[in-house]
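> Here is how the chains run, residue by residue.
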Amino acid sequence: MARPLLRSSTFKLTLLYISLFSTSVIILFAFIYWSTLSYMTEQADEALNLEIRGLKERYKDAGLNGLTQLIRDRINTQPPSGSTIYLLTSFRFDSIVGNLDRWPRGPEDAEGFIDFVLEDSRFEPRPVIHVRARAFNLDGGFRLLVGRGIEDLFIARKRIIWTLGWGLGIMVLLGLIGSILMSRGMLRRIDQITATSEQIVSGDLGRRVPTRGTGDDFDRLSEHLNRMLDQIESLLDSVRRISDNIAHDLKTPLTRLRNRLESMSHSGADFHHHLDPAIREADGLLSTFNALLRIARIENDARKEGFSSIRLEEVVADVVELYEPLAEEKLQTLTLEQRHTPPINGDRDLVFQAVANILDNAVKYTPENGIIQVSIKTGGKRVRVTVTDNGPGIPDALHEKVVQRFFRTDSSRNQSGNGLGLSMVAAVCKLHGAQLRFEELDPGLSVHMDFMLPVVEKQSKFADSASESDGISTNSSTNYANTKPSAAH
Amino acid sequence: MRVMIVEDDRETAEHIKRGLEECGYVADHADNGIDGLNMAMDGSYNVIIVDRMLPGLEGLELIRRLREHEDLTPVLILSALGDVDDRVQGLRAGGDDYLTKPFAFVELLARVEALSRRKDQDSTITELELDDLYLNRLTREVRRGGQKINLQPREYRLLEYLMRNSGQVVTRTMLLENVWDYHFDPQTNIIDVHISRLRGKIDKGFDKPLLQTVRGAGYMLKP
Numbered sequence: 475m476a477r478p479l480l481r482s483s484t485f486k487l488t489l490l491y492i493s494l495f496s497t498s499v500i501i502l503f504a505f506i507y508w509s510t511l512s513y514m515t516e517q518a519d520e521a522l523n524l525e526i527r528g529l530k531e532r533y534k535d536a537g538l539n540g541l542t543q544l545i546r547d548r549i550n551t552q553p554p555s556g557s558t559i560y561l562l563t564s565f566r567f568d569s570i571v572g573n574l575d576r577w578p579r580g581p582e583d584a585e586g587f588i589d590f591v592l593e594d595s596r597f598e599p600r601p602v603i604h605v606r607a608r609a610f611n612l613d614g615g616f617r618l619l620v621g622r623g624i625e626d627l628f629i630a631r632k633r634i635i636w637t638l639g640w641g642l643g644i645m646v647l648l649g650l651i652g653s654i655l656m657s658r659g660m661l662r663r664i665d666q667i668t669a670t671s672e673q674i675v676s677g678d679l680g681r682r683v684p685t686r687g688t689g690d691d692f693d694r695l696s697e698h699l700n701r702m703l704d705q706i707e708s709l710l711d712s713v714r715r716i717s718d719n720i721a722h723d724l725k726t727p728l729t730r731l732r733n734r735l736e737s738m739s740h741s742g743a744d745f746h747h748h749l750d751p752a753i754r755e756a757d758g759l760l761s762t763f764n765a766l767l768r769i770a771r772i773e774n775d776a777r778k779e780g781f782s783s784i785r786l787e788e789v790v791a792d793v794v795e796l797y798e799p800l801a802e803e804k805l806q807t808l809t810l811e812q813r814h815t816p817p818i819n820g821d822r823d824l825v826f827q828a829v830a831n832i833l834d835n836a837v838k839y840t841p842e843n844g845i846i847q848v849s850i851k852t853g854g855k856r857v858r859v860t861v862t863d864n865g866p867g868i869p870d871a872l873h874e875k876v877v878q879r880f881f882r883t884d885s886s887r888n889q890s891g892n893g894l895g896l897s898m899v900a901a902v903c904k905l906h907g908a909q910l911r912f913e914e915l916d917p918g919l920s921v922h923m924d925f926m927l928p929v930v931e932k933q934s935k936f937a938d939s940a941s942e943s944d945g946i947s948t949n950s951s952t953n954y955a956n957t958k959p960s961a962a963h
Numbered sequence: 033m034r035v036m037i038v039e040d041d042r043e044t045a046e047h048i049k050r051g052l053e054e055c056g057y058v059a060d061h062a063d064n065g066i067d068g069l070n071m072a073m074d075g076s077y078n079v080i081i082v083d084r085m086l087p088g089l090e091g092l093e094l095i096r097r098l099r100e101h102e103d104l105t106p107v108l109i110l111s112a113l114g115d116v117d118d119r120v121q122g123l124r125a126g127g128d129d130y131l132t133k134p135f136a137f138v139e140l141l142a143r144v145e146a147l148s149r150r151k152d153q154d155s156t157i158t159e160l161e162l163d164d165l166y167l168n169r170l171t172r173e174v175r176r177g178g179q180k181i182n183l184q185p186r187e188y189r190l191l192e193y194l195m196r197n198s199g200q201v202v203t204r205t206m207l208l209e210n211v212w213d214y215h216f217d218p219q220t221n222i223i224d225v226h227i228s229r230l231r232g233k234i235d236k237g238f239d240k241p242l243l244q245t246v247r248g249a250g251y252m253l254k255p
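Going down the list, the sequences are from chains A and B.
Sequential numbering from 475 applies to the first sequence in our numbering.
Sequential numbering from 33 applies to the second sequence in our numbering.
If you're looking for bench data, these hints aren't it; they were derived computationally from the structure.
We treat Cβ as the ideally placed atom computed from N, Cα and C, and that holds for glycine.
Where hints are given, some of them may not hold.
Claimed, not checked - Below, simulated EDC-like cross-link-like pairs (lysine to aspartate or glutamate); rule was C-alpha separation at most 16 Å, straight line:
{"hint": "1", "chain 1": "A", "residue 1": "K804", "chain 2": "A", "residue 2": "E842"}
{"hint": "2", "chain 1": "A", "residue 1": "K534", "chain 2": "A", "residue 2": "D613"}
{"hint": "3", "chain 1": "B", "residue 1": "K180", "chain 2": "B", "residue 2": "E161"}
{"hint": "4", "chain 1": "A", "residue 1": "K804", "chain 2": "B", "residue 2": "E161"}
{"hint": "5", "chain 1": "B", "residue 1": "K49", "chain 2": "B", "residue 2": "E139"}
{"hint": "6", "chain 1": "B", "residue 1": "K133", "chain 2": "A", "residue 2": "D757"}
Stated by the list, open to error - A few chain B positions that, by computed beta-carbon distances, are all more than 12 Å from chain A:
{"hint": "7", "residue": "E43"}
{"hint": "8", "residue": "Y57"}
{"hint": "9", "residue": "M73"}
{"hint": "10", "residue": "N78"}
{"hint": "11", "residue": "E100"}
{"hint": "12", "residue": "R124"}
{"hint": "13", "residue": "G126"}
{"hint": "14", "residue": "P134"}
{"hint": "15", "residue": "R172"}
{"hint": "16", "residue": "R175"}
{"hint": "17", "residue": "L208"}
{"hint": "18", "residue": "N221"}
{"hint": "19", "residue": "R247"}
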């Protein structure tokens, strides 16, 4: 568990985040530290300077005695815990007056400030007092030292560092715990997906990635994966079913063909009357294969190279005209109701094939004297082609099945046909983005094909006309005009 | 009549060659695209049959190069790729007709015959005659034995196509492609019904039937 956790990208990300955040916290605290301390130092220095100015004035007004008196007063009147330090010495550093035993050893800076440490003799154990003082030369060679305890400053510094340390520590700790929990959670979800895919790889196609129902990112990903798996499973199912069906449906004619050939080989010179049925059988097999291949090609083909603007009403009228004599032979009434419809984008031959297959079925299954109505009309953004007959129809439950390859209803088994007609229709509709719908009537069947009208692409038209009118355009601008419409598709 | 076959599958090529020779054609064979192109440009052939997937030079490329040399010999494309798009591509490349494998030999023969006649066919001929059957392409008048025959527009086009190819087998697919102008697989023998209607108009009541069914192949109009 430890290795995948340390290697998990979530964990790495949170570590990176923690270190970035810590750095910025340290910078922030450093700034606070620096500005607070320098402010406090300034305040202390200001107080010292004020005191020194007062003492200097007294020295000027009242001389050494006055100054000594004042210092003594100040020492005596300050509270026991008071922390102002005074020391007046001669030029040889001999103490004259003050509450400090001797001149401190600390280094003196250019302005005379000295930082040093005192041990407070009033308490045991002796607490250490940090002092900041300023030395000053008076006229007459006397030296004056005024200092103040700056414990506040040290306490503040300690507090800031303490706060920073603990804050940072807690933050890193919480961040680490959070990142471990987060990575664990992520890893668990990913492990679930991995486990599911492993089961699928090993052959259990029914497995699905579990979802929590919270609609989070992982749920969305899982749902997508599951939908993909559903699609794959149904495709595999259909492949399996198709190959089963092919094997089954082709075995019968192949057996018949084999039997014919066998009897031809037995019948000596008199084999000619077996020849034609054998050829017909082989032709039937070939046409079944051709239809299968064609459907597969249409289903897989997204190139739509044969597409152009076609008039559905013309194509439908041609189909009706082609089938009219056949319907007439069966004494059926075949009518065409058409309105003027806008052109659609499609493959003329394939649409003809689809409509012909539907009409072929209608003529085939509708009994003599039946009525077959073909209509084409526009509604909204669609053009609908409908073929309605009053034949036996197809039960609702079978509407999805009839478009499967080789599927035949019980009533159609004794009719000629290869069971691929409606599969072809479905494939053509799918290629055209058209909706195919069966409607059970009492009695009869309506087959609707809804073709979408093309969306008017003003932009691409504009680009086309621009490239046409600009006959002497340079190569680069021609390329631009050419790429634009394809990008719009 | 000389036919050039460019086909890499030996058995198919032999089958076509033998069949054509039995019907009185002289047939040559090349098994790759480059030889095929050279032979096609050297010899004077009436029809060239080209397979699409060829070693050396792809079938469509062969046709394109042939057309670049302004060689307008009719080309029949053979292909295992039976899709509409492929046919469109083939015809765009300069092919004249397209036949999908597998095919019946009679279908191929009928198409080769139609293509070999294309060159010397004159579309300016306005009157077609066969025995006592007469068709005027300007007035669309049809008569047999002096007797006027009323035909529906599609029946007229059917008869016109048959008369233009008279004495020659015309397959059902050829009729669909040329008379109806659709490339598709009819589920039923829908063409037979149209033919029998036409037959009812031009042959019924006359001693000598002109429109004949060729078993396993198609139809033929002959005196």
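> Quickly compare the C-alpha distance for K804(A) and E161(B) to 16 Å and report which way the hint goes.
Since the Cα atoms of K804(A) and E161(B) sit roughly 34 Å apart, the hinted pair is violated (cutoff 16 Å).
> Take a quick look at R172(B) and tell me if its Cβ sits farther than 12 Å from every Cβ on chain A, holds or violated.
holds (17 Å)
> Has the given pair, K534(A) with D613(A), been kept, meaning a C-alpha gap of at most 16 Å?
holds (9 Å)
> Just want to verify: R247(B) was marked as not at the interface with chain A; is every Cβ pair farther apart than 12 Å?
violated (7 Å)
> Taking the closest pair, is the beta carbon of G126(B) still more than 12 Å from chain A?
holds (17 Å)
> Between K49(B) and E139(B), does the CA-CA distance stay at or below 16 Å?
OK: K49(B) and E139(B) at ~14 Å, within 16 Å.
> Confirm or reject the statement that M73(B) sits farther than 12 Å, beta carbon to beta carbon, from all of chain A.
holds (29 Å)
> Would you say N221(B) is clear of chain A, with no C-beta pair closer than or equal to 12 Å?
violated (9 Å)
> Evaluate the condition: distance from the CB of P134(B) to the nearest CB of chain A exceeds 12 Å.
violated (5 Å)
> Please settle this one: R124(B) was flagged as non-interface, so is its CB more than 12 Å from every CB on chain A?
violated (10 Å)
> Once the closest CB in chain A is found, is it more than 12 Å from R175(B)?
holds (23 Å)
> Would you mind confirming whether the straight-line C-alpha gap from K180(B) to E161(B) stays at or under 16 Å?
holds (14 Å)
When each numbered hint is compared with the structure, violations occur for hints 4, 12, 14, 17, 18 and 19.
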